[in-house]
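Based on the sequences and whatever the hints tell you, model everything.
Going left to right, the sequence shown walks through residues 1 to 780 as the UniProt record's numbering numbers them.
Be aware that one or more of the hints could be misleading.
[Stated by the list, open to error] Here are the simulated DMTMM-like pairs of lysine to aspartate or glutamate, each with C-alpha atoms no more than 20 Å apart in a straight line: (1) 473 / 496; (2) 698 / 653; (3) 153 / 111; (4) 473 / 449; (5) 640 / 653; (6) 746 / 692; (7) 542 / 720; (8) 249 / 235; (9) 515 / 491; (10) 640 / 630.
[Said to hold, decoys possible] Label-pair ranges, simulated between beta-carbon atoms: (11) 498 / 527: 15 to 23 Å; (12) 542 / 515: 37 to 45 Å; (13) 502 / 364: 55 to 63 Å; (14) 178 / 269: 31 to 39 Å; (15) 420 / 500: 39 to 47 Å.
These aren't lab readings, by the way, just hints derived from the structure by calculation.
Ideal placement from N, C-alpha and C gives every residue a C-beta, glycine not left out.
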Amino acid sequence: MLSNFKAAGLKWLGHLLLPVLLAALAAAAYQGQWLKALDVLLYDTAQKLRPATAANNSVIVAIDEHSIEQLGRWPWPRNLHAQLITLFADYKVETIVFDVLFADASIAAQDLALAQAMQRHGGVVLPLSIEPLSSTGQLLEVLPTAQLFGAAKAVGHAHVDCDYDGVCRSFYAREGLGGPAWPHLSAAVLPANTLLPGARAGQQGPLSPLWIYRDYHNFIPFSPRDRVPVVSYADVLAGHLPAHYFNGKTVFVGATAAGVHDILTTPVGRMPGVEITALIHHHLLAGTLVQRLHGPITLVVIAAFLVLVLGGLSLLAPRPFLLATLSLVGLQCAFAFALLVWGHRWLAIAPVIIATLLFYPLWSWLRLELAMAYLQRALALRLQHPAQASGLLKKATPVQPYTPWLMASDTVARTVNQLDSVSMAQEAAHQLLQQSVSGLQEGCIIFADTGRCYLTNTLAQTWLPEWHSSDVKDLNQHLSLPADWPASIADVFARDAVIRCEAQSAATTFFVQVKRCPITLPNRFEAIVAGVLTLTDISALKASERAREETLNFISHDLRSPLVSILSLIAHQRDAGSNVADMPALLSDIERYANRNLAYSESLLQLNRAEQFAPVQKAAMCDLLAVCEDAFAQVQPFAKTQNCPMQHNYVGEEFWVQGDYELLQRAVVNLLTNAIKYGASPKGVVLQLCRDNRDATKVQLSVQDFGAGMDAAQQVQAFERFTRNPLAGSSGAGLGLFFVKTVITKHGGGITLQSAPNKGCCIACTLPLQALDFLTENEM
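Put into structure tokens, the structure is as follows:
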């Protein structure tokens, strides 16, 4: 009993508790970013699969090697930047974003020229930086000079957030010391009331001017195929590019030359900071910045998904379980990648994947524990309750080979080995039961209280060939059972009733019995209740009863009537007194009645002998030609008294059959006698013996008369017991043709009748011939 509770507890643990625990663990890992290394690895892999971003709304004016070669060593005089701004003002470029710091004052005239150019353009955005002081480490916002700060349209930070591994994946749309006051350069070009995307920082305590505060966290979509148009600074100043090239574009000015630029590491490779800023600006306008899914709703969805999916996996068999686990991990990765690439939402899928992968070994271990508990319980139960036929089954069960010590030390292998021996004995017991049930002389069906069949033996299947249902309640569609058969089956289980009735099929009568059979098993609270239905073929018994009734009717009437007539004659003679002259007539009548009774008795005895006849393998052989000749000679005197000529047609060939000579002769005599009695005519009666023209292995014996014949109704009853021809009156026992049919059938033959009113009658009998080698063997 304790083992049952243990197994149930393990099963409950695997199906429900384990998925819940793993789901809670995955939710905690997601919230705490415990698997960030794996998450960013999957994130970077997905980024490499992204389609290319064509940032055609932006252009980078690069401070590249060519420009340094043409314009001189960096840093350049600020009047060059003023010339560039003036040129873009002439080109009608609305926004110019400088990714170049102007923190220190330069030559006053150059600073003034740059400031005036910025004021005239009115759309220049400058960067700031947040740097620590070298002496104290205190952070400081490094702004453009006051003159340039006042001339700029906006000032923004150019910071891109790099993770612990040095890879830049995200940025904050606003950040600053003492509060997130400064927008990112890419967002500074937008109107002031623009709603920024990204994850909010949430409520914070009192702000400190010494700390950096950030808000609107966004992840940057990268692709190895990203392309932002890049032109050389020197080429733009030289006027090598037409004005319309810059129409409708935001210009980003930044360094790309070696030793000048700020190269950052991204998920798809190293990239200049100005290009990253241009990409951020493009995705900001397109609304395609990536947002990391977070919050209570995400955690609940992840946990619910894992509980449902892992619970479903626990219901699978081992092989589908493994395949489904691997497929599920692949689908999870594919879903996360698709959501990131096309949905612009990052679901950190690593905790879900790890929980799914962890569930496989943990549930496999629990399943092994369940299997071991079941095997040990089954083994203990089997050893506790040995089968009664264990002595017989031991002989049928092969001896187990020697178990090596290594396998013997393995609990699983040892248990399986022991259970294998027990299972072989159980299989032998099952086969013994199956063969025993199949060997019953009765049809047997064992079924559940719902009607579903557990076991149907061979005889029941043979007797019910058209019953293909597995429900015993459908038997009334194939047998003439009571109308309330389904209700009666229910009563067998509900009220412990017993059904006993007769049922009729096409040609068989059955005795049907249905009983309730409770089966008590060890360690079970309730017994298993089954129904047992037995079918007994009582067709022969019914036929015997009908024959007995017919015989009793015959004896009570036909045999009794002559005796009553004899007694009446004697009583009449006694009353009339002794008259010698009447004695011959009296004796003649008594003789006639006695002979009739004797003939009746002889017919019954011969019929009983024919019915008891059972041919055996080495029964006597007889020549059917000799049988016909003897019968013909025996009946010929009677034919002369009836003025009925007789003819025979023999082919001059011996026809050897296996059987009883006297019964066959009597059958031929009955055929000839019936033909003479009821079919006498000037044409007479013809006896013919020849090979069957349809089957050369059989011989055909036929008797043909040319008398009154029979109609269809008479032909149907011609071979039945105690059936008299209407022309016979009260004479005859009505057993002649029935006797013939019985003899021919017992000898493995067949009989047919062809007749029509006023066209005579032909009765043909076929019997199997014996082969010559068989005949020679018996004669030897």
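Violated constraints from the hint list, given by number and in increasing order: 5 and 12
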